[in-house]
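Protein chains in written order, with this note's numbering: chain A, 1 to 674; chain B, 1 to 674.
Calculated directly from the structure, the hints in this document are not laboratory data. Glycine residues also receive a C-beta, built at the ideal position from the N, C-alpha and C atoms. One thing to keep in mind: the hints can contain errors.
[As the list claims (entries may be wrong)] Going by beta-carbon spacing under 8 Å, a handful of chain A positions derived as facing chain B: (1) Glu362; (2) Ser547; (3) Ala589; (4) Glu620; (5) Glu621.
[Stated by the list, open to error] Covered by chain B, according to a simulated footprint, are these stretches of chain A (three or more residues, beta-carbon under 8 Å): (6) 110-118; (7) 280-287; (8) 381-387.
[Said to hold, decoys possible] Here are the computed lysine to aspartate or glutamate pairs in the EDC-like style, where the Cα-Cα straight-line distance is at most 16 Å: (9) B:Lys240 - A:Glu660; (10) B:Lys656 - A:Glu660; (11) A:Lys656 - B:Asp663.
Protein chains: 2
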Amino acid sequence: MASNSSSSAQQRLRIIAGHLQKRPEEENASVAAQECKAEAPRSEPSSATPVPRRRQEIMKWNGWGYSDSRFLFNKKGQAEFTGKRYRLSGLILPSLKDWFEGTFGANLQHRSPATPSLNLSAVAPPHLNQPFVEDLKAAGLSVSHDPEDRVFRAHGHCLHEVFALREGRIGRVPDVVVWPSCHNDVEKIVELACKHNVCLIPYGGGTSVSSALECPREETRSIVSLDTSQMNRILWIDEKNLTAHVEAGIIGQDLERQLNERGYCTGHEPDSMEFSSLGGWVATRASGMKKNIYGNIEDLVCLPSLNTQTHTGLGHAHTLEMFPPHQSCSVGVLLEVIQGTCDLMCSQVVHIKMVTPRGVIEKSCLGPRMSTGPDIHHFILGSEGTLGVVTEVTLKIRPIPEYQKYGSVVFPNFQQGVACLREVARQRCAPASIRLMDNEQFQFGHALKPQVSSIFTSFLDGLKKFYITKFKGFDPHHLCVATLLFEGDRGKVLQHEKQVYDIAAKFGGLAAGEDNGQRGYMLTFVIAYLRDLGMDYYVIGESFETSVPWDRVLDLCRNVKERIVRECKERGVQFPPLSTCRVTQTYDAGACVYFYFAFNYRGLSDPVHIYEQVEHAAREEILANGGSLSHHHGVGKLRKEWMKESVSGVGLGMLKSVKEYVDPQNIFGNGNLL
Amino acid sequence: MASNSSSSAQQRLRIIAGHLQKRPEEENASVAAQECKAEAPRSEPSSATPVPRRRQEIMKWNGWGYSDSRFLFNKKGQAEFTGKRYRLSGLILPSLKDWFEGTFGANLQHRSPATPSLNLSAVAPPHLNQPFVEDLKAAGLSVSHDPEDRVFRAHGHCLHEVFALREGRIGRVPDVVVWPSCHNDVEKIVELACKHNVCLIPYGGGTSVSSALECPREETRSIVSLDTSQMNRILWIDEKNLTAHVEAGIIGQDLERQLNERGYCTGHEPDSMEFSSLGGWVATRASGMKKNIYGNIEDLVCLPSLNTQTHTGLGHAHTLEMFPPHQSCSVGVLLEVIQGTCDLMCSQVVHIKMVTPRGVIEKSCLGPRMSTGPDIHHFILGSEGTLGVVTEVTLKIRPIPEYQKYGSVVFPNFQQGVACLREVARQRCAPASIRLMDNEQFQFGHALKPQVSSIFTSFLDGLKKFYITKFKGFDPHHLCVATLLFEGDRGKVLQHEKQVYDIAAKFGGLAAGEDNGQRGYMLTFVIAYLRDLGMDYYVIGESFETSVPWDRVLDLCRNVKERIVRECKERGVQFPPLSTCRVTQTYDAGACVYFYFAFNYRGLSDPVHIYEQVEHAAREEILANGGSLSHHHGVGKLRKEWMKESVSGVGLGMLKSVKEYVDPQNIFGNGNLL
């Protein structure tokens, strides 16, 4: 690969050098390319390694997120959130107990705790392919077959996966974990995997909710978890073209933090961003909260520049003036200039770089939008780890917005809220984020109100204070809330805000203050911790999502929620389930809808099986009502059965033909999608 | 395929019917799907057929556009534009002669006229596959092997193609032309082509400039031109989701005109829109002038709705109220409602529908954005006729904008203009269209000034009147002009306009009036007719384009223009060529640049060969300077040699694997791309 880039760079140098005006003494000077410094493999990870190899040192082995952060009910029966990482950390949530017991018919006396620690004897000894492991070590790669490391990477966060871990049930797990530090390491690993015929499963943030990380039980080869977390550098930032070239193992929060230090951001903020990786986003077609401004992952991935003006890497910076017009330059100076260009050319001529068994896929095309046949980036986006490992990505970056403002709107009912969101989309004036929760989620949000904090206004108090007393028409059992986030130039934000609130008013919506909006978004990252609390008290649940045309939104929301209730009842679930939804994204032709579904399983013998049947029925209901198989969670193994119906037999055949070409031995054998 | 949709619709009905509240007497009623009326094949084309089967009745057989419209120099040596179709029609262009003779060293005495009519004996007899033709006729399909029909569809509008026609040289042409009227006809044709092993070449608008329509010389099978022009209906318009479902043979101007009658538009306005087709846009990843508002073709293609609220087809309309909430409905009424739903479901559950030898590709996914593996639409977009025939597409539509305003800005030089466009892109405030022409095109635009019209202000007069006298700093040999178009809500347009002109001022740009902007855009559709005029006087030329990162725009423009001049000189072109460019689109990370290249070939023995060598060198220069293989013209056969370099060997292999799966016999054998 390197030699291919070098000859390509040499060719480009030769062509550009044709424009040099040589002085007589330079007549015989020639231009030559040298070894690209930017591509030299670096075997040590960057000194600041936000994600430790042994992730279980800071993260839960059998639940969501950081070990130091969890919900619990204290001795007084009050809910608390532990730790110091979040705004909610250390606070009491006085209303949560009543909401929890009331919603689920649960009782804090009825406990279903998790197995506290991993029973190492429950983990089968690794099935090692010794020659493969020896070749890895000879190549200087970091390797482990420690059972804790293997179990950690054997799962994502589907309910059935976490439930099994809590019960101490360990299924098929990877046999080996390997940590590449750079693209060249990945090429080596894939080469060795092909040579020794082992199964490679790329592992980024481990946040999959589609069973994508589950090891296929029938896999007889050694399974190798290729953990990308140490391959996490921002290689360069291009301020002229507003792009950044980044290694795919970087985690969302680290990417944004490092870019923020330079005054930039990608603005890609999936709810999983504390843990999910750039490579994972590419593999699953991820979507972020502020996609209205920054785009979804397919809009963010673009091509790098042949930056001859300014190159500012994190480690070094040099400025090159290239070909000042109408001036002749000495060849000597230009050789230096062209050398710089060559450095840049070799590492930057790609959008997405992926290592596959067939070779490295990379475009050399350098334009923001092209017509060069079917766009091969779209063969990579959504390939869910079945074709190879994404190693480097060029992303668009934006200056950090000058101004941010939250907001919220109360609607008399869900229909009015949806109609308002549809009109906002029609006028193409959606804020950075606009989300509409149904009445159940409004109640739920109230339950998460922390005690005694100057920052947080009681939502209900706020509501009473501003509106309920004035406008008695709002029924607390029907009202819904939309949360909003505006970003940008301050003047434009205020103008934009007015436009949106004016539209909301036409649908009976009333502004309900910034605090309520901000609190809605602040809760985003702690919601996932709640499931672990629920599972301590016989309550299991999951979220799932879809995208759907505008005119089907209401029917879909109503029908899916009713179906969930009906299916639970038919299966003997004692207490009606929590069945709730929100509209989380707007588009020209439709919306993204997110469902929560949870129920009390006490007294049921096979709760996960019941859960799976109800979720399956819910997905059938979604599809029947015009919703898609997934807006952004992906297919994994969880939703494979609907692939043919979704993309047609021929579509599925095309995906299979690509897989068979790129990976004929099925080295990337996670079994997703196809 | 019909039965597959029916069973899918039946399944959906069954699921939705689960929500019916049945009255006791309706307990045994069941829901059944019937034959979908919306899919009934219609063998007659719509009564208004904008494009006649025998296109040569209104279009030139050996040049661009309508037969009644052409540039010529009259007896007085003045340039005229004939006919009545265009704003320029019937007008004198007094400055064109001097510009033409001065720019090219041409002389109106030196004429190189085209062969006036097709010499039928130069057309080889058709190589008919008789059983295939008989099966076509038995199926009621419209067929021709008339030599004029065949020649018309044997070419696009690359220089070498038109030059050959003008010389009366006819190469390999299709043997048969067939005109399907609907999707089912296309399925029949493809089925028969596979059965009889003939080569199918889809033909839309015939405006390809990548040699995509050229028949492969080595093709021994019968070549069948599948002309989509009679498959041109808007099947329905969905006002709730702002989409329209359209047959792929529709031509751009007809699509917009029919939508306009209903108050809508797609806003997709490629320069070829008078002749190019929806299917062609999908096949080539087309781009339109106003993509800043409406998007490029990949942004316009979306999924249809399960529209149960409003269905308004051009032939019929019915309004359905589906599942009013909280009410029980009689099963009888809902059966009728569901029947309507079924009608809609069967024909609407796709974004793009393509017929391939392997079968019909269609998504059933119904969301505006999805994560269901790699996006198969992107296997279709850009496939350039190599995989199958696109038959139906669902497009996003928008209400016609309330207000439109043109504008123009003069910059002291090209660098300042580019810097301004880059800043406009950075601030994400680009108008519907913004284009920057270089100084040569400014001069050229002046040459196209018509005489004596109240609508048109002399550009130079306008310039003098407003600015040259005031701001003497502008050098007419360096100044450049940007033309602008704003659309939307009137208040927002005026605000937007101010923002853009303020940015322009920071780069030395001065507003130069609406008229100059409007005229710049008005000339768009007549420019293509100029080449035929040139070719009457020993001048040949072509346009080509690229996309490129912002920081390479200036170098690329300068280097490519210089390279063209150098290459012409080295090949003995007597008079320096016209070598000019403009920036026609802006994106976050770069721009689209369009080049014109033309020269006087009098005295040269093989002008087209010289032209091709220079164009090849120009493309090498573009690639070396960071530009892409194409922004929107596509690859065809003209740019195949760079495909591997552009998308990598593995990328190319993936495209080939899809081709081999979808079309193992190479029925779609136009030889493009791979």
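Outcome of the hint check:
{"no.": "1", "hint": "Glu362", "in the structure": "5 Å, holds"}
{"no.": "2", "hint": "Ser547", "in the structure": "3 Å, holds"}
{"no.": "3", "hint": "Ala589", "in the structure": "5 Å, holds"}
{"no.": "4", "hint": "Glu620", "in the structure": "6 Å, holds"}
{"no.": "5", "hint": "Glu621", "in the structure": "6 Å, holds"}
{"no.": "6", "hint": "110-118", "in the structure": "violated (count 0)"}
{"no.": "7", "hint": "280-287", "in the structure": "holds (count 4)"}
{"no.": "8", "hint": "381-387", "in the structure": "holds (count 4)"}
{"no.": "9", "hint": "B:Lys240 - A:Glu660", "in the structure": "42 Å, violated"}
{"no.": "10", "hint": "B:Lys656 - A:Glu660", "in the structure": "12 Å, holds"}
{"no.": "11", "hint": "A:Lys656 - B:Asp663", "in the structure": "14 Å, holds"}
Going through the hint list in order, the structure does not satisfy hints 6, 9.
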